[in-house]
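K.L.:
In case you want the letters, here they are:
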Amino acid sequence: MIPPLGGCRVARGGTGRGGPARPDNPGSRALAVSCRRRQFVPGRAVVVALCLVAGSLVAVPSFVAGQAGDAGAGKVVYERKCAGCHGDKGDGKGPAAELLAPKPRDFTAGLYKIRTTANKTPTDQDLFRVITEGMPGTSMPPWAVLPEKDRWNLVAYVKTFAADKFKEAPKKLELPKDVAASPESVTRGKEMFEAIECHKCHGTEGRADGPSRAELKDEWGNPIAPANLTKRWTFRGGPGRTEIATRLANGVLGTPMPAFLDSVEKPEDIWHLTNFIVSLGPESPRYATLVQVTATSGAIADDPNADLWKNLTPSSIPLMGQVIVDPRNFNPSIDLVAVRAVYNDKEIAFHLTWDDPTQSVDEPAKKLSGDAISLQFPPQITAGTERPYFLMGDSSDAVYLLRWVNGKGVSEATANGPTKITPIAGSEATGKAVYANGQYRLVIKRPLASKDAARPTFTPAVFTPVAFQAWDGGAGESGTKMSLTSWYYLRLEEPQSNRRFVIPPVVAILTLAVMLLVVRVANRRA
Amino acid sequence: MRKAIGAFLAIALVAGVAAVAHRPGPAGAQGGGTIEAAVTYAGAPVVEKLKVNKDTEKCGTEAVIEKVVVGPNKGLAHAVVSVPGAKGAPKAVKATVDQHGCKFVPHVTAMTPGELELKNSDDILHNIHTYSTANPSINKAQPKFKKVMTEKFEKPEIIKLTCDVHSWMLGWVAVMPNPFFGVTDASGAAKIENVPAGKYTVEVWHETLGKQTKEVEVKAGQTAKVAFEMKK
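The listed protein sequences correspond, in order, to chains Z and A.
1 is the number of the first residue of the first sequence in my numbering; add one for each residue after it.
527 is the number of the first residue of the second sequence in my numbering; add one for each residue after it.
Quick caveat, the hints were computed from the structure, so don't treat them as lab data.
Pair ranges (Cβ atoms, derived): (1) Z:A169 <-> A:F671: 30 to 38 angstroms; (2) Z:E168 <-> A:F671: 25 to 33 angstroms; (3) A:V590 <-> Z:S182: 41 to 49 angstroms; (4) Z:W220 <-> A:E562: 36 to 44 angstroms; (5) A:G627 <-> Z:S316: 40 to 48 angstroms; (6) Z:E98 <-> A:K686: 23 to 31 angstroms; (7) A:V590 <-> Z:A96: 36 to 44 angstroms; (8) A:T739 <-> Z:E363: 46 to 54 angstroms; (9) Z:E265 <-> A:G627: 18 to 26 angstroms; (10) A:A712 <-> Z:E98: 39 to 47 angstroms; (11) A:K686 <-> Z:A365: 33 to 41 angstroms.
Dumping the calculated DSS-like pairs for lysine-lysine here, alpha-carbon to alpha-carbon at most 25 angstroms: (12) Z:K75 <-> Z:K149; (13) Z:K217 <-> A:K686; (14) Z:K190 <-> A:K672; (15) Z:K266 <-> Z:K172; (16) Z:K89 <-> Z:K103; (17) A:K717 <-> A:K751; (18) Z:K190 <-> Z:K266; (19) Z:K217 <-> A:K593; (20) A:K593 <-> A:K717; (21) Z:K367 <-> A:K580; (22) A:K577 <-> Z:K217; (23) Z:K266 <-> A:K678; (24) A:K757 <-> A:K737; (25) Z:K171 <-> A:K681; (26) Z:K366 <-> A:K575.
Sample of chain Z residues facing chain A (criterion: CB under 7 angstroms; computed from the structure): (27) I196; (28) E197; (29) K200; (30) P211; (31) S212; (32) G251; (33) P256; (34) P258; (35) A259; (36) F260.
Think of the CB as a built atom: it goes at the ideal place given N, C-alpha and C, for glycine as much as any other residue.
Chain Z on its own, in the form it takes in the complex (with noise of 0.2 angstroms):
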């Protein structure tokens, strides 16, 4: 969406116009618009082309005020599709909101996270774009699926809330000159990182674990968490490197999130240190629908940071909030965590990694309960679909639970329910967990092969279902309050014999022999 809207922009000769005191001209929407519809429009001459059209007929004055958007029709649309969270009178404090972290904007503060201006003021566009994208990471999703027409009206009703603070017209933020991503500038951009101390906040490799994480507190007063730099699909204002560098120019309004823009060395560390924060993680998650275990020959290593793990390329299984049974959890703490799994001809092992930002364990006193992982299996592996309830299985049919919880370690248990879980004497289950920069790597161990009814055995090339839970004890989780999954499957690849490497080379031999003694034999005859 970006790269043709800046293409117009500039065929429109869109710098005659964008001085730092740019007004947002709704023309400019109109423009992005007719930009955006034509965009699957073959080859980009023709898109830019078109867009020189459009961005002359749009320039007509006239025709500029037709397009903005209608404050009192967007007020039916608030009515219907925002006043839940938002609340009828805009100040965020909607029926659903008390369930929400981070709680939904009051409008009526005219305070905006995510602005690509100077100022306190954001443009037209930047509003649009928060509705129709919505904000990863938050309750607010993406309301594409609304007419256009129909979120040009939102705009233009939600600044009524805050009228007075719209009288300031946006004023264009300008970024220093790009700096393209290479090693040099994601190194400058480390040093940087440290210098201006992400860290505190963001945690040393950025998981969102730094010290005064516990303190942050947004205008309202509310908690809030920083951000965890590696997961940038999350990121409130997007993922790409132009979002990345305005947010660190310009702060996040309303957060602890301070503006950098001259608060860094030079002006174009804050493209060094994008470029950092972007070698951090992928731009998404990249979801994996199986989890593959790998045969091995050899020994398991125990150690979570062993070469053996790394080699090893993690399915990444996102885990979401349990709101079936109470007390639910409206606001998951883990939401990811990537498995690596080997086995051998005695054991089937696990590697778990997944972020928490608080190390914690049993502390009854401080209401705190240990970080715990679990993976769940039915108790025998059959043949079909037919599987256990996914949450934790029912009195009728149970699951089979591999636990771990810090400071208690690994264990076996049978479970009918979330609140029924009894654990299964003489645990053959072993682990080794380790905790760094708000991120847990665990391994946990179990022989291939299962001696009773209660536990499952594993078959390779056989698709064993697998669900996955998860407590970030620090957040207050805890029984039912958890993150989990449903039902995902894994496989045993089968092992792969030596045979491989012997019938090949057997085969080629005899038929070249076969083809000499052919070639003697009618040498011979000739």
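Dock chain A against the given chain Z, drawing on the hints supplied.
P.N.:
Below, chain A without anything else, positioned relative to chain Z:
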């Protein structure tokens, strides 16, 4: 002869006064009086303590949040005493707040509209986060290498100053419409000099104990005393 001396004296006086008037001096210096305010609080000091989990070399291991500081004889520190009704041009004095030992020093700064110099003498990251309505609120990082920052506050208002990195850090900047103000010291005393003679309402503001006002008459060359007893 007497007449001659009288005339001479009169001329000398006029000339002297004229000379003084021509010298650029503090506004209202001529014929001004002094207000001495004594602010007291009968209650106990309010101090919150917090265990520090970072930057302990600079911040210490325990942060002390002094919400109400009571000195000897119940004197209340950090109260802003002002004379909103007095007329006088603002002094062109740059006010300064230092972030030192993870505290804003001074805790309360009073200034006339203009520039505020923000220092970071801690050699660690702070962020200046202001809460204001008349002036644009700011949230700017001040990393260790940025020793001084200058911000403008053009409109009279009392602004809260915080640092999100060190949540206990709290300071206040009182932007005053005229130069007639003072901040009480540890004994609860504040002195406002060169106030033009006249009847005024003197106002006192404290961050947790609120506002009080009293009527005062200022006479040229004299000191008017005013006492406030702050209540919760």
